[in-house]
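Asker: Residue numbers (our numbering), protein chains in the order written: chain S, 1 to 311; chain C, 1 to 247; chain E, 1 to 245.
Don't read these hints as lab results, they were simulated from the structure.
Check before you lean on any hint, since a few could be wrong.
Claimed, not checked - Computed cross-link-like contacts, EDC-like style, restricted to lysine to aspartate or glutamate with a CA-CA straight-line distance of at most 16 Å:
hint	chain 1	residue 1	chain 2	residue 2
1	C	Lys207	C	Glu28
2	S	Lys29	E	Glu41
3	C	Lys207	C	Glu97
4	C	Lys5	C	Asp91
5	E	Lys29	S	Asp45
6	S	Lys9	E	Asp118
7	C	Lys75	C	Asp62
8	E	Lys37	S	Glu128
9	E	Lys29	C	Asp62
10	C	Lys78	E	Asp118
11	S	Lys68	E	Glu41
12	C	Lys155	C	Glu123
13	C	Lys5	C	Asp61
Stated by the list, open to error - Coverage of chain E stretches by chain S, computed from C-beta distances (three or more under 8 Å per stretch; other residues unrestricted):
hint	region
14	8 to 20
15	25 to 35
16	71 to 80
17	103 to 109
18	215 to 221
Cβ atoms here follow ideal geometry from the backbone N, Cα and C, with glycine treated the same way.
Residues per chain, in single letters:
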Amino acid sequence: MKKLSNEVKIGLVVLTAILIGYLGYRIMKDEPFFSSPKILYTSYDNVGKLIKGGNVYLNGFVVGSVDKMTYMPEVDSISVRLVIKEEMIRIPVGSKALLVPPDVLGNSSINIIKSSNQRMINWGDHLEGTRKTGLMDTFSDKGTAIADSVTTTLTLVNKLLRSAKDLESEKKGEIGETISNLKQTSEVVKELFERRKLEVDSIIVDARHTLKNMSAISDSSKDELVSFIDNLEAFSQDLEVLSEELKETTTSLNSILSKIDTGEGTLGKMVNDPSLYNNLDSLTVNFNELIKGIEKDPRRYLKHMRLVEVF
Amino acid sequence: MIEIKNLTKSFGDHLIWKDVTFNIEDGETLAVIGKSGCGKSVLLKHITALLYPTSGKVYIDDHDLFTLSYSELRKIRKRFGTLFQGAALFDSINTFENVAFPLRYFTDQSEEEIRRNVQEALELVNLGGAGERQTSELSGGMRKRVGLARAIILKPQYLLYDEPTSGLDPQTSDEINELILNMADTMDITSIVITHDMHSVLSIAEKVAFLDDQRLSWFGTVDEMKESDYPPLVDFITASEYKIKAI
Amino acid sequence: MEAIKQFGQYSLLLFQALRSITEFSTYRKNLFSEFIKIGYESIPIMLLTGFFTGAVLTLQTAYQLDTDLFPKTIVGSIVAQSIVIELAAVIGALVLAGKVGARISTELGTMRVSEQIDALESMGFNSVTFLVIPRVLSGIFMFPVLYVFAAVTGVLGGVIIGAVDGILPSAEFMIGARSFFNPEAAVFGILKSLVFGFVITSISCFKGYFAFGGAEGVGNATTQATVLSCMYVILADFVLAAILL
Numbered sequence: 001m002k003k004l005s006n007e008v009k010i011g012l013v014v015l016t017a018i019l020i021g022y023l024g025y026r027i028m029k030d031e032p033f034f035s036s037p038k039i040l041y042t043s044y045d046n047v048g049k050l051i052k053g054g055n056v057y058l059n060g061f062v063v064g065s066v067d068k069m070t071y072m073p074e075v076d077s078i079s080v081r082l083v084i085k086e087e088m089i090r091i092p093v094g095s096k097a098l099l100v101p102p103d104v105l106g107n108s109s110i111n112i113i114k115s116s117n118q119r120m121i122n123w124g125d126h127l128e129g130t131r132k133t134g135l136m137d138t139f140s141d142k143g144t145a146i147a148d149s150v151t152t153t154l155t156l157v158n159k160l161l162r163s164a165k166d167l168e169s170e171k172k173g174e175i176g177e178t179i180s181n182l183k184q185t186s187e188v189v190k191e192l193f194e195r196r197k198l199e200v201d202s203i204i205v206d207a208r209h210t211l212k213n214m215s216a217i218s219d220s221s222k223d224e225l226v227s228f229i230d231n232l233e234a235f236s237q238d239l240e241v242l243s244e245e246l247k248e249t250t251t252s253l254n255s256i257l258s259k260i261d262t263g264e265g266t267l268g269k270m271v272n273d274p275s276l277y278n279n280l281d282s283l284t285v286n287f288n289e290l291i292k293g294i295e296k297d298p299r300r301y302l303k304h305m306r307l308v309e310v311f
Numbered sequence: 001m002i003e004i005k006n007l008t009k010s011f012g013d014h015l016i017w018k019d020v021t022f023n024i025e026d027g028e029t030l031a032v033i034g035k036s037g038c039g040k041s042v043l044l045k046h047i048t049a050l051l052y053p054t055s056g057k058v059y060i061d062d063h064d065l066f067t068l069s070y071s072e073l074r075k076i077r078k079r080f081g082t083l084f085q086g087a088a089l090f091d092s093i094n095t096f097e098n099v100a101f102p103l104r105y106f107t108d109q110s111e112e113e114i115r116r117n118v119q120e121a122l123e124l125v126n127l128g129g130a131g132e133r134q135t136s137e138l139s140g141g142m143r144k145r146v147g148l149a150r151a152i153i154l155k156p157q158y159l160l161y162d163e164p165t166s167g168l169d170p171q172t173s174d175e176i177n178e179l180i181l182n183m184a185d186t187m188d189i190t191s192i193v194i195t196h197d198m199h200s201v202l203s204i205a206e207k208v209a210f211l212d213d214q215r216l217s218w219f220g221t222v223d224e225m226k227e228s229d230y231p232p233l234v235d236f237i238t239a240s241e242y243k244i245k246a247i
Numbered sequence: 001m002e003a004i005k006q007f008g009q010y011s012l013l014l015f016q017a018l019r020s021i022t023e024f025s026t027y028r029k030n031l032f033s034e035f036i037k038i039g040y041e042s043i044p045i046m047l048l049t050g051f052f053t054g055a056v057l058t059l060q061t062a063y064q065l066d067t068d069l070f071p072k073t074i075v076g077s078i079v080a081q082s083i084v085i086e087l088a089a090v091i092g093a094l095v096l097a098g099k100v101g102a103r104i105s106t107e108l109g110t111m112r113v114s115e116q117i118d119a120l121e122s123m124g125f126n127s128v129t130f131l132v133i134p135r136v137l138s139g140i141f142m143f144p145v146l147y148v149f150a151a152v153t154g155v156l157g158g159v160i161i162g163a164v165d166g167i168l169p170s171a172e173f174m175i176g177a178r179s180f181f182n183p184e185a186a187v188f189g190i191l192k193s194l195v196f197g198f199v200i201t202s203i204s205c206f207k208g209y210f211a212f213g214g215a216e217g218v219g220n221a222t223t224q225a226t227v228l229s230c231m232y233v234i235l236a237d238f239v240l241a242a243i244l245l
């Protein structure tokens, strides 16, 4: 190789430094190397822990990143500058920038939801910003809602059952009405339980899915998530048992009602019917336990969600 | 002409010499002798203002050396060539470049002229073939001769020699002495030679300055020195002569 | 007293250098050879320094933040930011204080005690122009260049060791690195390395230029040059941080 002269060496060194410095800078800014970056703006009143460098997705594909965020005091919201590095991206007018709250790894991101408009936006335009509740938000919101509705439903049922136990002190004419009420209620409760069970089951499915996708998460977190899912499953099973029992009760109540309708049997006979009594009794015990548990610690079934949210 | 007037130098509290006064006429060769450590080299460095005195003046061709601005001083310095004790060759460049060094920076000579002049200077000091050698490969005598070639390359008016023969064998010393004589004759150079080698003094000098007892102890011609019965000078000379005889 | 005298001498030397900075033709050749010695020949050690600084920093950061309280990407943020704003410049400068500073002070010290500087002066050269200016200028120009090399390889070292050692994937590292990256950090790093380049080369020139007392004197000058360079690099780092951050 021909020996390089000093001037050539110096030139090479300086040029190399400028080149790698420039490339390094572009990489750090997440901008394409040799073309000017494509800029989009959006804004949110709350950026939900979004950070600079957060990914921007289109159709689930990373197309750019968050470049800069500025608080605008006059409108009390945050302007977000997005740099799109993908060359071929075309975004229709009216598309929305959906802010996705932190996933289990704590990374917020922005999802561009394309509109069906034929016209494409120009670079530098403003996209409308919308927010979405995150996985964890869904977990806790749904969970709380279920817990609350279950609590109120069960309180109602318990009250009814108590009055049912006090049948002897009730007037004869009211008994049929009460039983009819009880039947309706238990059907409503059963239906409610079944619907809740579906929801809980879907949460379980969600959680399992998340668990599967979280290869990066540490063992201890994994354990917590697993036990959280176990709890949900137990809860779901509880609900199933209860709805089964309610089904039986409904059947019994049906038969009693039909007997009363046909004038068959007496009130004493009905009251002394051991199967109905047993049914009602076990139901009451079960409900009482559940209610006690939920009232004592309303978040019993949700506490693991809180732990999961942390990481 | 170099005039030295009432020159006094001390480093801190340590007095080197005081009230040194003598003149060097154009074309003369002056030997400055004295014991080791008496300040001969220090005196030489005052002549090109490498050191500044505590008091006193030096006139170079009527220029008051120590009042000159730096740029004027540099002009005066170009009239001098100096052969340093260790030759002070630049070790980052080869022999040829050392000699060519002043030419490259102070003249507009073409590469060919530089080559010719350097070769001429090297031949003058009997080192015609040593141009491409690294200075570190040279022997002590050769280094001094390269230093001399570099000192004369700009054809200076004054040549200063700091111990030109110290550390050399007698034969090489003679060669150097011969060169010094040669320079003085052929180039009409005024020379100041620092030495404690009496053999050298006798062969090259016309005048002698004897530094002793922190002052200029004795000043005169070589012939006067030979006749002198000034005890310190006699002691110095005899000590040297014993040495010469012993060899 | 001695310190003030030294500072005065140092300032005077720099003033002399500054005064003759226009005599470009005198030091042009030396400037280029110093560019080579300070810049070109220091690249390998800077690449090595940068890479391992980044690598070690990544390992250390990951080790200390090994909890689930932080997202892994924070490792990238910490490493990249520290490298760009601080470590590439400072550790690079400390390494170069040893390499460049020691060479300069030994070179000038040897020239001083072997009377080469006197020889230059007696020929009518301005030895300061000839020796000090090219070295200090090279420091000022080349340290930022070297900083760029160290910073880039530093971040690269972090990315690579993070991926190889299974700490975090390179993509996550870069997300973290980007989220806290601001161009001012790089500008600040360049400015710092420029100052360090001046500090190291000027102190080493000063110590070497005024060396005395033979081989031992050169040794002392070199030791002092290196130690003072390191000290003043750290001091300058502090002062710059206080002023500019």
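Asker: Confirm or reject each hint.
Answerer: Now for the hints, and whether the structure bears them out:
A C-alpha spacing of about 8 Å is found between Lys207 (chain C) and Glu28 (chain C), which places the hinted pair at or below 16 Å, so the restraint holds. For the suggested pair Lys29 (chain S) and Glu41 (chain E), the alpha carbons sit about 30 Å apart, so the restraint of at most 16 Å is broken. For the proposed pair Lys207 (chain C) and Glu97 (chain C), the alpha carbon gap of about 35 Å is over 16 Å, so the pair is violated. The suggested pairing of Lys5 (chain C) with Asp91 (chain C) is violated, with an alpha-carbon distance near 37 Å, which exceeds 16 Å.
With a CA separation close to 62 Å, the supplied pair Lys29 (chain E) and Asp45 (chain S) exceeds the 16 Å bound. Annotation: proposed proximity of Lys9 (chain S) to Asp118 (chain E) is violated, straight-line Cα distance about 32 Å (limit 16 Å). Between Lys75 (chain C) and Asp62 (chain C) the alpha-carbon distance is near 14 Å, which keeps this suggested pair within the 16 Å criterion. A threshold of 16 Å between alpha carbons decides the hint, and for Lys37 (chain E) with Glu128 (chain S) the separation of about 57 Å lies outside it, so the pair is violated.
Under the criterion of a C-alpha separation no larger than 16 Å, the hint pairing Lys29 (chain E) with Asp62 (chain C) is inconsistent with the structure, at around 36 Å. Between Lys78 (chain C) and Asp118 (chain E) the alpha-carbon distance is near 13 Å, which keeps this suggested pair within the 16 Å criterion. The hinted pair formed by Lys68 (chain S) and Glu41 (chain E) fails the criterion: a straight-line CA distance of about 39 Å is larger than 16 Å. With a C-alpha separation of about 15 Å, the suggested pair Lys155 (chain C) and Glu123 (chain C) falls inside the 16 Å cut-off, and the hint holds.
A hinted pair counts as satisfied when its Cα atoms are at most 16 Å apart, and Lys5 (chain C) with Asp61 (chain C) qualifies at roughly 14 Å. Coverage of a stretch by a chain is defined here by at least three residues with a beta carbon nearer than 8 Å to that chain's beta carbons; for the region 8 to 20 of chain E and chain S the count is 0, and the condition is violated. Interface restraint, the region 25 to 35 of chain E with chain S: holds (3 residues with C-beta to C-beta distance below 8 Å; minimum three). For the region 71 to 80 of chain E, the proposed coverage by chain S is satisfied: 4 residues have a C-beta within less than 8 Å of a C-beta in that chain, meeting the threshold of three.
Note: the region 103 to 109 of chain E has 0 residues with beta-carbon separation from chain S under 8 Å; the three-residue rule is not met and the coverage is violated. Closer than 8 Å: that is the beta-carbon criterion, and the region 215 to 221 of chain E has 0 residues meeting it against chain S, so the requirement of 3 is violated.
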